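Line by line, the protein sequences are chains A and B.
Just so you know, this note's numbering puts 504 at position 53 of the first sequence, and the rest follows in order with no gaps.
Just so you know, this note's numbering puts 515 at position 306 of the second sequence, and the rest follows in order with no gaps.
Every clue listed holds true.
Calculated lysine to any residue pairs in the SDA-like style (CA-CA distance at most 20 Å, straight line):
no., chain 1, residue 1, chain 2, residue 2
1, B, 305, A, 557
2, B, 305, A, 553
3, B, 305, A, 538
4, B, 305, A, 548
Per the computed footprint, the stretches of chain A lying under chain B, defined by three or more beta-carbons under 8 Å from a beta-carbon of chain B, are:
no., stretch
5, 551-560
6, 581-593
7, 599-605
8, 674-680
What follows is a set of in silico ranges between Cβ atoms, one per label pair, in the way DEER data are often shown:
no., chain 1, residue 1, chain 2, residue 2, range
9, A, 664, B, 312, 54 to 64 Å
10, B, 413, A, 583, 27 to 37 Å
11, B, 444, A, 555, 12 to 22 Å
12, B, 253, A, 510, 50 to 60 Å
These are calculated hints, taken from the structure and not from any lab test.
Here the structure is a predicted model, which is why all the values come from computation and not from measurement.
Using N, Cα and C, we set each Cβ at its ideal position, and we do this for glycine too.
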Amino acid sequence: MKATRSLIGLAAVLALFGAACGDDDKDSSGTTAVETTVPGDETTVPETTPETTPANPYEGELVGTFAVDAGDCTGAAPAGSYFQMVMPGGTAEAGPFIANADSACTDTNYSLLEAGTDGGLVIGGDQAAPDPAFDATGNGLADKIIAPVTFFGVAFAAATDPAEAAPMVMAADGVLSGDLSAFTAYYGTGVFNQGAPKPDGSGDGPTGTIDLETGHFTLTWTSLIVGGSFDGFTGVWHLEGTFTPQA
Amino acid sequence: MSVRVQRWAAVATLVVGTGLAIAPLAFQMFERAPLGGDMIDDFQPYMTRLKIDTFRGYMADIDAAVTEAADLKDATVEQGDVTAADYDTSYVSITKLVADWNTIDADMGDLLDRMDNNMGNYRAVAALPSFDLFPWFFVMPGVIVAGLSIAVLVRGRKGAHPRGLLLVLAAMGLGIVAAPAIFQMFTRAPKGGEMIDSFRPMMTRQRVQNVQGYFVTLGGGEGQLRVGAGQAFVDGGGDLADFPALATFSAEWPTIVGEFNPMIATMSDNVDNFQAVDAMPSFPLFPWFFVIPGVLVAGLAGAAARRPSPPTSPSEAHPS
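Full structure from sequences and hints, please.
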């Protein structure tokens, strides 16, 4: 009698488990349909997917290249992409910043950025630092996202750390958000996480905008350096350019 | 030796052994000692004569460059294109470097002196058994002493004289006494104490932030000398060959950054580790944490191990 009850109970549990798995399968198949939908190819798309397919390539999870426009200081305010370093206790809005004598700007608080060999930040790409990450004098060598920038006579470089979450950027009605926790700077033989949010989830993620017609974007984030020789300093990153979806 | 004295001795050694075993918990050694080990490991690359001399060499080169930076200002002003006040306004980072250099030099020199003066102490501490094992040096003998003491009590209750166990307990006590001598703790631990005392003023968050700030000043000054003031002097008809220390400073600067960067990182990342070690009992006391309990255990067990004397009272003849 006891064995019979146990068998019935087991059968009930298995039935519930099977039903739960069945639901998950439906959900995941729906997700796959959305991700593999080809715009304009209506004949091959399941009937359930059109309303969830992003109609605009600059909406939803953006996979592709955030091409970096070079920074420019000819105007009253810096344009394009740039970097600032906030002193401990300061703020991204008011500083105080470290003045970089190697900056091309009159206001040396800004260090201008230029596109690297990949053209910019590639979501879905491999942009890890090379090994070794530094030359003999401590200049950073990573050059895929941005070209190394001379800062205090030593070049800093940026890459994504494969050990952290893969970079991800979302767009909703022209507003960008995401996870750039893997973003890392290399300077003077030191490695500094410059992610947003930080790998432990603290801090804010990147913010920005994207033009729904042209793909022109701005992406800004701040990242507190925790530990190491720049403990307590904060990096301010501003990337600007044009997003191109992955083909 | 009466049964009562044996029992009393065993209870006393049980207390001593238990005290030894739980001492690491009381002093949070399981958390703090490994942090001390991390600090010792992290400082290893910098506690060498070669590294300290290299750093001192950089400081001397910067000192010469700062002297020339002041001369460069005078020479530039003599060219007649700028006033001294204009120069200071145009090159605020150079002005700050020249103004702050004596403070920077003194403070950085003090750091290097402390590291230099403690190289022997550092080697002595590094030669001690792994910090990770420290708590177990208390726990293991403490547990053994407590276990033997319990065995003595149990056997005594059964009416047998636990002479053998007591002799083992006494030997254990002598081993605990000998341990500090074996590990040369009497000479090494005080050196560790000296190092902790000497490092205390430099292993603070404020001091680390000061050093970070010095490098902002140095980097800013170097950059303006190289990019701005030097070029302006040349544009005014001057020859930078007259300022060789400035060229040396700029040529060395990337290397200086690359070498000081990890040292500052080591200081910064070990402030908490240092404070954990500093919160442990004073290093010179460590040998006595073994000697005193060891002597107690050996003495008590040795005395109780003496041949039993005839019972002097009915209660001793028939222990409950």
